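J.: Each chain, letter by letter, is given below.
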Amino acid sequence: MSLLDIKRLTLDIGPIPILHGIDLSVDAGEVLGIIGESGSGKSMTALSIMSLLPPESRTGGSITLEGVDLLTRTEKQMCAIRGKDIGMVFQEPMTALDPLKTIGAQVAETISTHTRISRREALSEADHALERAGLPRDLYPRDRFPHELSGGQRQRVVIASAIALRPKLLIADEPTTALDVTTQARILELLRRLVDEDGMGLIFITHDLAVVARLGDKVAVMRQGEIVESGPTGEIFRALSHPYTRQLFAASSHVPARDPALPGGTPVLIVDGLVRDYRLPARRLFAAPGAFRAVDRVSFRIERGENVGLVGESGSGKSTLARAIMALEAIQSGSIAIDGTPLDGRSLSTRRKLQVVFQDPYGSFDPRQRVDTLVTEPFHLLGAEAPRGAERQQRIATALTNVGLEPADAEKYIHEFSGGQRQRIAIARALIIEPSLIILDEAVSALDVSIRAQILDLLADLSDRLNLSYLFISHDLSVVRSITDRVLVMKNGKIVESGNTAEIFANPQHPYTQELIAATPNLERALASRA
Amino acid sequence: MASSGIAAINLPRGTWLRAALRSPSFLAGTFITLIFVALAIISFVWTPYSYAVQDIPNKLHGLSADHWFGTDQYGRDVFSMILVGARTSIAVSLIAVGVGIGIGVPLGLTAAAQRGNLFDELIMRANDLVFAFPALLIAILITAVFGPSATNAMIAIGIFNIPVFARLTRAAALSLWTRDFILAARVAGKGAARISVEHILPNILNTLVVQITIQFSLGILAEAALAYVGLGAQPPTPSWGKMLADSQTLISLAPHLALIPGFCIVFTVLGLNLMGDGLRDIFDPRLQRSRR
Amino acid sequence: MSTYIAGRVASVLLSLLVASVVIFLIMEVLPGDPAQFILGMNARPDTLAALRTQLGLDAPPVMRYFGWMLGMLHGDFGISYTYRVPVAELIGQRIGVSLPLAIYALTLTLIVAFPAGLLAAARRNTISDATIMGVTQLGVAVPNFWFAIVLVYVFAVTLHWFSAGGFPGWDKGFWLGMRGLTLPAIALALPQASILARVMRSALLDTLDEDYIRTARAHGLTRAQTLWRHAVRNALIPVLTIVGLQFAFLLAGGIIIENVFFLPGLGRLIFQAIGQRDLIVVKSVIMLLVFAVIFVNFLVDLSYIAVDPRLRRR
Chain A
16 MSLLDIKRLT
26 LDIGPIPILH
36 GIDLSVDAGE
46 VLGIIGESGS
56 GKSMTALSIM
66 SLLPPESRTG
76 GSITLEGVDL
86 LTRTEKQMCA
96 IRGKDIGMVF
106 QEPMTALDPL
116 KTIGAQVAET
126 ISTHTRISRR
136 EALSEADHAL
146 ERAGLPRDLY
156 PRDRFPHELS
166 GGQRQRVVIA
176 SAIALRPKLL
186 IADEPTTALD
196 VTTQARILEL
206 LRRLVDEDGM
216 GLIFITHDLA
226 VVARLGDKVA
236 VMRQGEIVES
246 GPTGEIFRAL
256 SHPYTRQLFA
266 ASSHVPARDP
276 ALPGGTPVLI
286 VDGLVRDYRL
296 PARRLFAAPG
306 AFRAVDRVSF
316 RIERGENVGL
326 VGESGSGKST
336 LARAIMALEA
346 IQSGSIAIDG
356 TPLDGRSLST
366 RRKLQVVFQD
376 PYGSFDPRQR
386 VDTLVTEPFH
396 LLGAEAPRGA
406 ERQQRIATAL
416 TNVGLEPADA
426 EKYIHEFSGG
436 QRQRIAIARA
446 LIIEPSLIIL
456 DEAVSALDVS
466 IRAQILDLLA
476 DLSDRLNLSY
486 LFISHDLSVV
496 RSITDRVLVM
506 KNGKIVESGN
516 TAEIFANPQH
526 PYTQELIAAT
536 PNLERALASR
546 A
Chain B
4 MASSGIAAIN
14 LPRGTWLRAA
24 LRSPSFLAGT
34 FITLIFVALA
44 IISFVWTPYS
54 YAVQDIPNKL
64 HGLSADHWFG
74 TDQYGRDVFS
84 MILVGARTSI
94 AVSLIAVGVG
104 IGIGVPLGLT
114 AAAQRGNLFD
124 ELIMRANDLV
134 FAFPALLIAI
144 LITAVFGPSA
154 TNAMIAIGIF
164 NIPVFARLTR
174 AAALSLWTRD
184 FILAARVAGK
194 GAARISVEHI
204 LPNILNTLVV
214 QITIQFSLGI
224 LAEAALAYVG
234 LGAQPPTPSW
244 GKMLADSQTL
254 ISLAPHLALI
264 PGFCIVFTVL
274 GLNLMGDGLR
284 DIFDPRLQRS
294 RR
Chain C
439 MSTYIAGRVA
449 SVLLSLLVAS
459 VVIFLIMEVL
469 PGDPAQFILG
479 MNARPDTLAA
489 LRTQLGLDAP
499 PVMRYFGWML
509 GMLHGDFGIS
519 YTYRVPVAEL
529 IGQRIGVSLP
539 LAIYALTLTL
549 IVAFPAGLLA
559 AARRNTISDA
569 TIMGVTQLGV
579 AVPNFWFAIV
589 LVYVFAVTLH
599 WFSAGGFPGW
609 DKGFWLGMRG
619 LTLPAIALAL
629 PQASILARVM
639 RSALLDTLDE
649 DYIRTARAHG
659 LTRAQTLWRH
669 AVRNALIPVL
679 TIVGLQFAFL
689 LAGGIIIENV
699 FFLPGLGRLI
709 FQAIGQRDLI
719 VVKSVIMLLV
729 FAVIFVNFLV
739 DLSYIAVDPR
749 LRRR
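Chains as they are written, first to last, in my numbering: chain A, 16 to 546; chain B, 4 to 295; chain C, 439 to 752.
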């Protein structure tokens, strides 16, 4: 008998079936990775185990933890099990903690809920749990509040509260998705260590194959509320017997076919000595306001047809740099030139050579407008030269066709499209005024791997066909590696390393680049270490 | 009052009507509101008696077939006065809400477009200041100098409405200014004014509509209060608040004189509030998600 | 924290300054000649001149404004034109009714609204929730002065439990005084309690949707425990803001309610003063009320520090 056995689990929320007969098992000291794209039902499986499902949910089948069927427990009995026998860690560490309570009190909450010990004892137990989660007492005293900690540290607090009572099972639902790669690597190490120390079972839910390959003893692949394949990690990835697993695997390590740009072309973008300072509010009364240099004397150039990657973690200044190039931010010194003309935020004509695609396919469009209006928004940059009538229709049709959509889609509203299609529309909007450079700001980060592979193919094809240049901003090194010619590594507002993509990935010089590359989950490396 | 959830996302066309028809509070609220609006409109063309005609011999009649709502201490027909009173109430609060929207919404849009700079700060401080003068104090200030009248009541309630709409507009607009589709419009070279009109305003309309029903109902209450203390519409123009004040001393003799205008106020306000609640539920993006 | 408090203090001082300028401009500059305004069109020139001297109208407006401000800082609000006594004395007598009434009403509001809001949120979508929502929906729609009239009709005229109006004075004993204020306080509190209960409920429901509530549930807390240990305190921040605004409404609403019950408070004073065109009294009472509103909102801002640790380290 395993620690946790899930048999023929079904779940309906209202009239909608979510899970169709899930079978899973986890042993003590074992890591089960559940992988799937959005809507596959992986989070709902976790919430079913915890009995924390939304209202109007109906479950069927069985979930047994050490012989006890959790689905037949009453709410009161489940309260005694949650936190004590099963711990859970969620995706978003920034909002997972009560902002008004100290971290010590929040970890002690688990302890005092399930044991009859004094508040003082509970707090000292909490100290111990925080210490085990990598927050030693002398550096992170328990009277700290969540807002005084970074995302990674907050996730450690959540983990500490989940493992404080040494539960038999820990469920982690995308616990590192919202974190930087270097932080992610440390959190993964921590989880592995805790599993080994306590001999607990861990269910690790993720969309990232490389993370599962690194951490999971077993893996289950989910799609549309079903397990398509499950088994020991090594076997599953070696055999790739199920077509969907194969498809996921291929998409995850997809490298789009493209003609690499040859160095020495005409420059499209020249950034020289760019500085962007933010004023900070005064820390004390009557003190002079401080300043924060988000972008610190950054210089680089992008040539025609060249794809340049810009990587860095959150707070590195890469988004600020991008916004400065888009003339959305005032700059304090330095210069930006596009196609040889200095950029002037007030002059529309210098800005028409530049377009952008944002990360969130759902937030990038005004929900009240039709696709034709949305796509033609950049025509504003052309002023009186903007095409009208038949020519306008022609341009819309061309842009939509270029991104693999139908000209008739122009008459639809944005809510009629899926995330991947919306990102195609975003690219069409960028293409419509035939820019020289498109800034792709985390443009594929919010997409599922299979959709991401398609969009990368589209981008590579467009760049080759239309001789477009990209500034490809991403926190995801594997994507940058697959589509760029050159890469810039940014840290604390400075470019610390730049050069040919293949060379940098093969032989990083700067310690930070080395750390970034080492921390990035890598499917091949993970599988190689397993064999 | 505190509308924390800002309904900035819009329903696809068509579903709006279906959601509205399924909301009992919206249907009931709209029904009640329409009745009173209808009464106000009818009063322009027809009242059973002239509201100003006194008929002392027939004073203080109870409810009867001749006088549906009885007569007051001067023998005036209460039903006729209620009809015209509805007109006064609705007119005063409509114009007051109009003043609030007309000035508050542009201010809020501008403050949000210039977020963080001096103008924004000034607008917000000025708003706080007006909040320190409740509508009644503004009315007292105005009437102390210019004398009481329905127009001055409108101005007083209207001034109080300005910061309500300015704040709400600014808060709703600010949350939109961080969205990617606004960034896209900025990349397309559009200026703040153009973005405010083309993208921000249409997307905060839902939020504004909900607030309009709330301020409308508060306007009815404020107009009644001002009229009650003699700072609103002046005789002989009937007003529900004034009718209450006149009937107060007669309450043991003719309680219907105090009860009828009171119920009219309660029902109008209730109708508007129900309508607002219903609209908020219909527009609430969280509810949309669960409905899907 | 010191920056936060300093910012709030500066904002209070600025608000008071601007408010006083606005009141002064409306009351003393807009009417043209205040003396003429007070005495009316048919006043004799020598009476006018005498009043002008008494009011100090010969000085330019800027000097008059500073004179008014300096006087108020010393507790000197000027001499009432109609009563011929210092305004400070008048206010002193009347505030003994108005302030206790506002505090009484606020207390009733809090006592009713908090449990009602909590219960409705805890029992969301049950009969108790629906009942509370229905009653408060009605409560919000009832004008307080009309409710006061109905209370008088039922409890004074019909049942004779309370007197229909007037105030015995505190010197007749505390409980008698409280009894005189009970019906007015109930009338004032009903709509405000209804509003606050609804705000409380929706603030609680908003916080119950937060991620950290789900974390607490994963720790093994029951629904009721998450409500008490996490939601209530987090919901307090929006609720406190509303309580601050409500105090302003209670003070202003008191002006009207005092007229229903013939209570000798600031409200009666201000309406008598308007009737007699006693601008000096009107000006000072309004300034006082505005000061009270601004000050209470300042207290609310300070109370955020106790609730929200994020403000403590600024």
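It cannot be assumed that every hint is accurate.
[Claimed, not checked] Among the chain C residues that face chain B by a calculated CB cut under 8 Å, a handful are:
no.	residue
1	VAL459
2	PRO499
3	VAL500
4	TYR591
5	VAL731
[Stated by the list, open to error] Negatives, chain A to chain B, calculated, CB over 10 Å:
no.	residue
6	GLU204
7	LEU363
8	GLN374
9	PRO393
Source of the hints: derived by calculation from the structure; they are not laboratory data. These numbers come from a predicted model, not from an experiment. Here a beta-carbon is modelled for each residue, glycine too, at the ideal position from N, C-alpha and C.
J.: Mind listing which of the numbered hints don't hold for this structure, in increasing order?
T.: 1, 2, 3, 7, 8, 9
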